[in-house]
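From first to last, the protein sequence lines stand for chains A and B.
Take the first sequence: its letters are residues 664 to 990, numbered as in my numbering.
Take the second sequence: its letters are residues 1089 to 1336, numbered as in my numbering.
Hints are computed from structural coordinates only; laboratory data are not their basis.
It is possible that part of the hints are untrue.
Covered stretches of chain A (in silico footprint by chain B; criterion: 3 or more residues with CB under 8 Å from a CB of chain B, positions within the stretch not fixed) [unchecked claim]:
id: 1; segment: 864-876
id: 2; segment: 882-888
A short list of chain B residues far from chain A (calculated; beta carbon distances all over 12 Å) [what the hints assert, rightly or not]:
id: 3; residue: R1094
id: 4; residue: G1097
id: 5; residue: G1108
id: 6; residue: Q1171
id: 7; residue: E1174
id: 8; residue: P1175
id: 9; residue: A1176
id: 10; residue: E1183
id: 11; residue: R1197
id: 12; residue: T1235
id: 13; residue: E1236
id: 14; residue: P1238
id: 15; residue: A1247
id: 16; residue: F1285
id: 17; residue: R1288
id: 18; residue: A1311
Note that CB positions come from ideal geometry on N, CA and C, so glycine has one too.
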Amino acid sequence: MTGRFLLLAAALAAALLFATIAGHDWASPARLASALAGAQDMESRLLLVWRIPRVLAAALVGALLGLGGAIFQGVFRNPLAEPYLLGASGGAAIGATIALLVPLGLPGGPALAALSFLGAWGATWLVLVVSGLHGRPDTAGLLLAGVAVAAMLGALRSFLMLALSDDTVNLQVVLSWTLGGIQTPDLAGLLLLAGLVAAGLLFAIRLAHGLDLLGLGDEQAFAFGLDPARFARRAVLVGAAVVAAAVAFGGLVAFIGLIAPHLARWWIGLRHRALMPASALIGAALVAVCDGIARAVLPPAEIPLGLVTALIGGPFFLLLLARRLRA
Amino acid sequence: MRVECRDLGVKAGETALLEGLSLSFDAPALVGILGPNGAGKSTLLRCLAGYRRPSRGEVLWNGRPLAAWQAGERGAICGYCPQQFEPAWDYSVAEIVALGRDRNLTDARTLDEILRSNGVDPLARRRWSQLSGGERARTMLAATLSTEPPLVLADEPGASLDMRHRLALLERLKAYAAAGRALVIVVMHDLDLALRFCDRLVLLDGGKVTADKPAQEMVTEPAFEAAFQLRLQTHPRRVDRDWVLGLG
Chain A
664 MTGRFLLLAA
674 ALAAALLFAT
684 IAGHDWASPA
694 RLASALAGAQ
704 DMESRLLLVW
714 RIPRVLAAAL
724 VGALLGLGGA
734 IFQGVFRNPL
744 AEPYLLGASG
754 GAAIGATIAL
764 LVPLGLPGGP
774 ALAALSFLGA
784 WGATWLVLVV
794 SGLHGRPDTA
804 GLLLAGVAVA
814 AMLGALRSFL
824 MLALSDDTVN
834 LQVVLSWTLG
844 GIQTPDLAGL
854 LLLAGLVAAG
864 LLFAIRLAHG
874 LDLLGLGDEQ
884 AFAFGLDPAR
894 FARRAVLVGA
904 AVVAAAVAFG
914 GLVAFIGLIA
924 PHLARWWIGL
934 RHRALMPASA
944 LIGAALVAVC
954 DGIARAVLPP
964 AEIPLGLVTA
974 LIGGPFFLLL
984 LARRLRA
Chain B
1089 MRVECRDLGV
1099 KAGETALLEG
1109 LSLSFDAPAL
1119 VGILGPNGAG
1129 KSTLLRCLAG
1139 YRRPSRGEVL
1149 WNGRPLAAWQ
1159 AGERGAICGY
1169 CPQQFEPAWD
1179 YSVAEIVALG
1189 RDRNLTDART
1199 LDEILRSNGV
1209 DPLARRRWSQ
1219 LSGGERARTM
1229 LAATLSTEPP
1239 LVLADEPGAS
1249 LDMRHRLALL
1259 ERLKAYAAAG
1269 RALVIVVMHD
1279 LDLALRFCDR
1289 LVLLDGGKVT
1299 ADKPAQEMVT
1309 EPAFEAAFQL
1319 RLQTHPRRVD
1329 RDWVLGLG
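Kindly produce the complete structure, drawing on both the sequences and the hints.
Here it is, written out as structure tokens:
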């Protein structure tokens, strides 16, 4: 198990290295080394001030997405549950849109965080209630409920953007969210993001045993000393907070929350105590690489991160769906 | 261990599943709950386990209402084995038994010891999807008994077992009740096995207790005939019943 985690860490390191080198102008490893050693030339400073924080932010957002996906799959007891597909990300985006575009007279940062969280939480509950809170919702019902909620929220978001924005700059910011994209954070932002990842992991680990039990089904989980309904409420709260944080920093990034837990389950196993951190590591590596590709593929322009993950993750999802529906 | 229910009633919509049951059970005993399909056996067991909240009346464990028990303390002393179990993830036998064992962490035995003493150590690494019905039942029984709980509630644990394993299961439960001074309540359909192994039989019919007696007295109980004759009219199996009676 430890060996497998070390390999994951190595994979993440490789992904970070690739992402740091990649860009519309590729940096050589030697250039990167001299920048890290403190060289003062322009290119080194650009690497240090712009690219490295961006890569770290991408990895941290990826960790949140991987973690959120693992929690969602655990709560919904379905390997196709994903925060993006189930509308949770869309809910968070609505919250963020309102915080950005509506003059609420609230301080920007906290209002954005709170509204994103409320959006993600509300959307998740809506899907849970529609698809059947107790027992185990079937895959088709769950995904349909998620698709409907996501479509509604998408329409609502577009409406809000059209109705409320008279300022094109804000509209630009919101649009970039819709497509998913990591902004380069300042040091405070980066530290906040890292703190959120640490807190998310900490809370998630405390859910691990309950998620394992929940996977046995409500009645058996109850038999083994869990109150399934109460636990699910707690887990949804943590899951929604993690998704909201991911959306606030990285926008709507599809499918990472699906792929990362899948790979983690295959590589580490089913028990959530190991599965969730592994999923976070894999999510971090995936988003770092995808963000690198997004920056490098069409220089000097940058394509939205969400497009890259959807192009890679979409087929993966379809494959899984086909296998599951046939089973 | 003492389990009681007082004036227990359960309704699903307008239909009454259980109507005013008052029963008490004391350890050590192997109690069989019998009755035709739809008599309310599983509902009663779910209520006794606390999984189903009754519409009226209450269930007490050791004199304390179930509502006052925390989920964790409840799990620690009770082994509840529901009829249906279909895990969302393809857990291995060792993982399922470990999840069962973790509900009471005072047990010093290692997982290997628990697997061995329950006879499922050869299956330990097998995944749920690779198990036969009988292996699944044995796995769930191992997980249920892994903490050696003073109360065991099992809903047709032998349903998917062949005759030999069914006999072994009841022998195991009988010995478990006697040796551990435990209270074991089992919903079952095998009348012959029930008459042979149980200390006490509770007969449910239409959501009511129609007989509640030591097993050996049940054979001559008119309500016992009446309960199952309801089924026998449409599926006459006179021979079976004679054989059951002959067993006593």
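Of the numbered hints stated earlier in the document, which are not met by this structure?
6, 7, 8, 9, 10, 12
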